[in-house]
Amino acid sequence: MRKTIDNIMEIIIFVCGMLSVVFVVLIFAFLFKESFTFLKDFGIVRFIIGHFWYPTSEPPSFGIFSLIMGSVLVTTGACLIAVPIGVMTALFISEIAPKGVKDVLKSLVELMAAIPSVVIGFVGMVTIVPIVKNIFNLPTGLTAFSGAMMLAFMAIPTIVTISEDAISSVPWQYKEGALALGATKWQTIRRIVLKAAMPGIIAAIMLGIGRVIGETMAVMMITGNAAHIPHSIFEPVRTMTATIAAEMGETVREGMHYKSLFAIGFVLFVITFMVNFLADLFLGKNKNL
Amino acid sequence: MVNKIKVKQLSCYYNKKCVLKSLSINIVQNEILSVIGPANSGKTTFLRTLNRMNDLNIAYYRDGVVYLDDNNIFDMNMEKLRRRVGMLFAMPIPLPMSIYENIVYAPKLFGLIKTKSEQNDIVEQTLKDASLWDEVKDRLNFSAMKMSGGQQQRLCIARILAVNPEVILFDEPCSGLDPISTAKVEEAMIELKRKYTIVLVTNNVKQASRVSDKTAFFLMGRLIEIDKTGELFVSPKKKETEDYITGRFG
Amino acid sequence: MIKLNPKLSQKLSYTLLCITVGLAIVPILMIVFVIVKNGLSAISWEFLTSMPKNGMREGGILPAILGTFSIVLCSIIVTLPIGVCAAIYLNEYAKNNLLTRIIKLAIVNLAGVPSVVYGLFGLGIFVMFFRLGVSIIAGALTLSIMELPVIITTVRGALSSVPHSFREASLSLGVSRWQTIRHIVLPNAIPGILTGTILSIARISGETAPILFTAAAFYVPHLPHSIFDQVMSLPYHLYIISTQIPNMPKNLIYGTALVLLMMVLTMSCVAIIARIYFRKRRKW
Chain A
1 MRKTIDNIME IIIFVCGMLS VVFVVLIFAF LFKESFTFLK DFGIVRFIIG HFWYPTSEPP
61 SFGIFSLIMG SVLVTTGACL IAVPIGVMTA LFISEIAPKG VKDVLKSLVE LMAAIPSVVI
121 GFVGMVTIVP IVKNIFNLPT GLTAFSGAMM LAFMAIPTIV TISEDAISSV PWQYKEGALA
181 LGATKWQTIR RIVLKAAMPG IIAAIMLGIG RVIGETMAVM MITGNAAHIP HSIFEPVRTM
241 TATIAAEMGE TVREGMHYKS LFAIGFVLFV ITFMVNFLAD LFLGKNKNL
Chain X
1001 MVNKIKVKQL SCYYNKKCVL KSLSINIVQN EILSVIGPAN SGKTTFLRTL NRMNDLNIAY
1061 YRDGVVYLDD NNIFDMNMEK LRRRVGMLFA MPIPLPMSIY ENIVYAPKLF GLIKTKSEQN
1121 DIVEQTLKDA SLWDEVKDRL NFSAMKMSGG QQQRLCIARI LAVNPEVILF DEPCSGLDPI
1181 STAKVEEAMI ELKRKYTIVL VTNNVKQASR VSDKTAFFLM GRLIEIDKTG ELFVSPKKKE
1241 TEDYITGRFG
Chain P
2001 MIKLNPKLSQ KLSYTLLCIT VGLAIVPILM IVFVIVKNGL SAISWEFLTS MPKNGMREGG
2061 ILPAILGTFS IVLCSIIVTL PIGVCAAIYL NEYAKNNLLT RIIKLAIVNL AGVPSVVYGL
2121 FGLGIFVMFF RLGVSIIAGA LTLSIMELPV IITTVRGALS SVPHSFREAS LSLGVSRWQT
2181 IRHIVLPNAI PGILTGTILS IARISGETAP ILFTAAAFYV PHLPHSIFDQ VMSLPYHLYI
2241 ISTQIPNMPK NLIYGTALVL LMMVLTMSCV AIIARIYFRK RRKW
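Chains as they are written, first to last, in our numbering: chain A, 1 to 289; chain X, 1001 to 1250; chain P, 2001 to 2284.
What the hints contain is simulated information worked out from the structure, not anything from laboratory work. It is possible that some hints are incorrect.
[Said to hold, decoys possible] As a list, the in silico DSBU-like pairs of lysine-lysine whose alpha-carbon atoms are at most 35 Å apart:
| # | chain 1 | residue 1 | chain 2 | residue 2 |
| --- | --- | --- | --- | --- |
| 1 | P | Lys2053 | A | Lys106 |
| 2 | P | Lys2007 | A | Lys195 |
| 3 | X | Lys1128 | X | Lys1184 |
| 4 | X | Lys1006 | X | Lys1021 |
| 5 | A | Lys3 | X | Lys1193 |
| 6 | P | Lys2053 | A | Lys99 |
| 7 | A | Lys102 | P | Lys2053 |
| 8 | A | Lys99 | P | Lys2007 |
| 9 | A | Lys133 | P | Lys2007 |
| 10 | A | Lys3 | X | Lys1195 |
| 11 | A | Lys102 | P | Lys2280 |
| 12 | X | Lys1114 | A | Lys285 |
| 13 | A | Lys285 | P | Lys2007 |
| 14 | P | Lys2007 | X | Lys1080 |
| 15 | A | Lys3 | X | Lys1228 |
| 16 | A | Lys195 | P | Lys2250 |
| 17 | X | Lys1195 | X | Lys1016 |
| 18 | P | Lys2011 | X | Lys1006 |
| 19 | X | Lys1017 | P | Lys2104 |
| 20 | A | Lys40 | P | Lys2007 |
| 21 | A | Lys99 | P | Lys2250 |
| 22 | A | Lys99 | X | Lys1114 |
| 23 | X | Lys1006 | X | Lys1017 |
| 24 | P | Lys2011 | X | Lys1016 |
| 25 | P | Lys2011 | A | Lys195 |
| 26 | X | Lys1206 | A | Lys3 |
| 27 | P | Lys2104 | A | Lys285 |
| 28 | P | Lys2037 | X | Lys1080 |
| 29 | X | Lys1238 | X | Lys1080 |
| 30 | P | Lys2104 | A | Lys133 |
| 31 | A | Lys175 | P | Lys2053 |
| 32 | A | Lys102 | P | Lys2007 |
| 33 | P | Lys2095 | X | Lys1184 |
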């Protein structure tokens, strides 16, 4: 009797362990299936490099190049802001801050990660957007730049937490060795700690990028949603995620437009899969330190 | 003289590195066998093989047979084997619950005891056998984590006794204890010999000479010598044994 | 370039670090400040407990609060047992082999899939294929899959913080593996599992994109009756009133944002404080 319970539980546990794999495969297969006919009919090359996203005109045009550029621009902008701030904050938390400050900062970062993206989007709309509009004297403040600023804020918690892990897992012997040779604490941090933790920090940055590319609500609320290829960071742009979120409600089920949004989802899935896979490789490297 | 455990040609490997080389040894019922030897001599591996604790380690691989009352332990159900062959670890590991719950934990799961009075009986009996009853009888519901090291180790002995084993394995049970606690644990061990067969792995040569009936000396994964404790310490037959017990190495 | 003296350069760098930490932390305080300052006036008992009126420009947000509550509750009921079991498998049973590596990779990638892609998946599988329609249950299941990797990771952390020696002690008595997990490992991991769960609940309460096409409705004039109903949800409601409705009174938007923010932050704070508390009085 007891033996049977044991066996049943172990089977359930094994099945649950496998579920994650099942879900990943299912998501991939499903997105692939939904977008396959569309990609075949419209042509994958035309889809990726086509400049015009006019899904509802006659004949429709489903080129997502401008959307990709929108995502790339916003993501790059966000990373330029978030990476230095994030990595330096992580350094501060794990190497310099005294115990009490450290705990408070870590909790704050955790709280930061919990703020819903709609709230960030909304706050961006009422603060950053008018400021950007006035300072740079633009026709609208809904630009890639405003989006990048708010998204940077969302990437920071990810970057901080994971780099902080990497930095604190640098063996203390490394640091003692350098300090014993008479290096200042800062020299030790810069030359030894940063170098040893680099793979982990790169992984943290990649995961931050992954988070920004996939971000939807805040982007949709602040970047202006104009589907054209941007020439500067002060123009409205539209990202892939925002396109899916904004247009899915208006499509005809199983129509071309509907399928094309799944195809965008498929592209996004592939991109984030690769980003996460790479990040995981770097994290693995960090463990072999 | 009944041989409780018979080890035949036992070899053990970690990651293909051989740590025990074709070991054959007999362990007599109701005796204490001490296993002594320097670090990395395979003592602990030997002990952990006897109740198959090493089977949890995936790097571990073994060859040969061990009989417990003429049954090969590697064919036995692992849980049943461990109930018959209990083990005490180097550091005391009380489970994070009260003294009382520590003792009734396993018997309750096995369905050995059902009523409250049976539970009380087993707690009292095992604590007495482990020479701990007088010290803790008034605070059975206190957390076991708050006891002293020596008390914890004796509680662990009581916990093993509660599942009614036949053999008890001691893995350097006093390495973390002060001399007084050590004396108490040793006292308990000698008492236990009447009912159980005991294998004691120890770094402490004096401890081996104090408590055991027989002593085996291991070196680099080989059994060098096994003899009555008196004989081995007074007139060792091998040079390595003599060097070790006189403290010339190890 | 002038070579700075090491002491001076350390001082300069520390100052710079402090400034960047400020840059990271000040925005969160700003966000909270802006929302609290402008939203507090909208909060009243009536705002929290009545239906929206006049095209949502008046009245309260009760259906949105209840909607979010029911979606999150359903989803955590589904995710938690699965996540705990999966974590037990990885932490207690899995051997160091290819299968385990694949599972870990799957979890990492599941955690990285964009939320809007989960929305697409939920739309295709739960809403269309299983014909659940746009409903609480479809949204909850979508969120469940999205939350699974987070739950697995936190539960694994909680399990591995239980010392290995406890497992050995229990196994050495002849107690089986599952019984050891059930009676020794899980009870001692409960605090960690609990705090992790509260944190995840906080996080999914604010998710919008996954429920956009699977559960959320623009406006529903009544409270949900069953798990197959469409519902309003707090984050989606905030999105709608802040972007889609012209002449929306500003203080109602801030009020809604405040309710959402406070819900999420309170839960997170509770989890963080509980974690500190449990760590302090841990028995080992």
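Comparing the hints with the structure gives:
Simply put, Lys2053 of chain P and Lys106 of chain A have alpha-carbon atoms about 42 Å apart, too far for the 35 Å limit, and the pair is violated. Note on Lys2007 of chain P and Lys195 of chain A: the hinted pairing holds, with a Cα-Cα distance of about 21 Å set against a maximum of 35 Å. Restraint check for Lys1128 of chain X and Lys1184 of chain X: satisfied, since their Cα atoms lie roughly 13 Å apart, inside the 35 Å limit. Proposed proximity of Lys1006 of chain X and Lys1021 of chain X is supported: the alpha carbons are some 16 Å apart, at most 35 Å.
A threshold of 35 Å between alpha carbons decides the hint, and for Lys3 of chain A with Lys1193 of chain X the separation of about 33 Å falls inside it, so the pair holds. For the suggested pair Lys2053 of chain P and Lys99 of chain A, the alpha carbons sit about 51 Å apart, so the restraint of at most 35 Å is broken. Under the criterion of a C-alpha separation no larger than 35 Å, the hint pairing Lys102 of chain A with Lys2053 of chain P is inconsistent with the structure, at around 47 Å. About 23 Å separates the Cα atoms of Lys99 of chain A and Lys2007 of chain P, which keeps this hinted pair within 35 Å; it holds.
The suggested pairing of Lys133 of chain A with Lys2007 of chain P is violated, with an alpha-carbon distance near 43 Å, which exceeds 35 Å. Proximity of Lys3 of chain A to Lys1195 of chain X is assessed by CA-CA distance (about 30 Å); at most 35 Å being required, the pair is judged to hold. Annotation: proposed proximity of Lys102 of chain A to Lys2280 of chain P holds, straight-line Cα distance about 17 Å (limit 35 Å). With a CA separation close to 53 Å, the supplied pair Lys1114 of chain X and Lys285 of chain A exceeds the 35 Å bound.
Of the supplied pair hints, the one linking Lys285 of chain A and Lys2007 of chain P holds, its CA atoms being roughly 33 Å apart against a limit of 35 Å. With a C-alpha separation of about 66 Å, the suggested pair Lys2007 of chain P and Lys1080 of chain X falls outside the 35 Å cut-off, and the hint is violated. For a cut-off of 35 Å, the pair hint linking Lys3 of chain A to Lys1228 of chain X is broken: about 43 Å separates their Cα positions. Only pairs whose Cα atoms come within 35 Å are accepted, and Lys195 of chain A paired with Lys2250 of chain P is rejected, the gap being roughly 49 Å.
At most 35 Å may separate the alpha-carbon atoms for a hinted pair to count; Lys1195 of chain X and Lys1016 of chain X exceed this at roughly 38 Å. Restraint check for Lys2011 of chain P and Lys1006 of chain X: the C-alpha separation of about 70 Å exceeds 35 Å, so the hint is violated. Taking the CA atoms of Lys1017 of chain X and Lys2104 of chain P, the gap is about 30 Å. The hint holds against a cut of 35 Å. This hinted pair does not check out: Lys40 of chain A and Lys2007 of chain P have alpha carbons roughly 64 Å apart, beyond 35 Å.
Distance hint between Lys99 of chain A and Lys2250 of chain P is unfulfilled; the C-alpha atoms sit about 42 Å from each other, more than 35 Å. In summary, the hint linking Lys99 of chain A to Lys1114 of chain X is not supported, as the alpha carbons are separated by about 50 Å, beyond the 35 Å threshold. The suggested pairing of Lys1006 of chain X with Lys1017 of chain X holds, with an alpha-carbon distance near 24 Å, which does not exceed 35 Å. Taking the CA atoms of Lys2011 of chain P and Lys1016 of chain X, the gap is near 53 Å; set against the 35 Å cutoff, the hint is violated.
Our distance criterion of 35 Å between C-alpha atoms is met by Lys2011 of chain P and Lys195 of chain A, whose separation comes to about 21 Å. A C-alpha spacing of about 44 Å is found between Lys1206 of chain X and Lys3 of chain A, which places the hinted pair above 35 Å, so the restraint is violated. Simply put, Lys2104 of chain P and Lys285 of chain A have alpha-carbon atoms about 15 Å apart, close enough for the 35 Å limit, and the pair holds. At roughly 67 Å between alpha-carbon atoms, Lys2037 of chain P and Lys1080 of chain X are farther apart than 35 Å, so this suggested pair is violated.
Between Lys1238 of chain X and Lys1080 of chain X, the direct Cα distance comes to roughly 38 Å. Violation of the 35 Å bound is thereby established for this hinted pair. Using a Cα cut-off of 35 Å, the hinted pair Lys2104 of chain P and Lys133 of chain A is violated, with the two alpha carbons roughly 45 Å apart. Between Lys175 of chain A and Lys2053 of chain P the alpha-carbon distance is near 63 Å, which puts this suggested pair outside the 35 Å criterion. For a cut-off of 35 Å, the pair hint linking Lys102 of chain A to Lys2007 of chain P stands: about 23 Å separates their Cα positions.
This hinted pair does not check out: Lys2095 of chain P and Lys1184 of chain X have alpha carbons roughly 41 Å apart, beyond 35 Å.
Checked against the numbered hints given earlier, the structure breaks hints 1, 6, 7, 9, 12, 14, 15, 16, 17, 18, 20, 21, 22, 24, 26, 28, 29, 30, 31 and 33 and satisfies all the rest.
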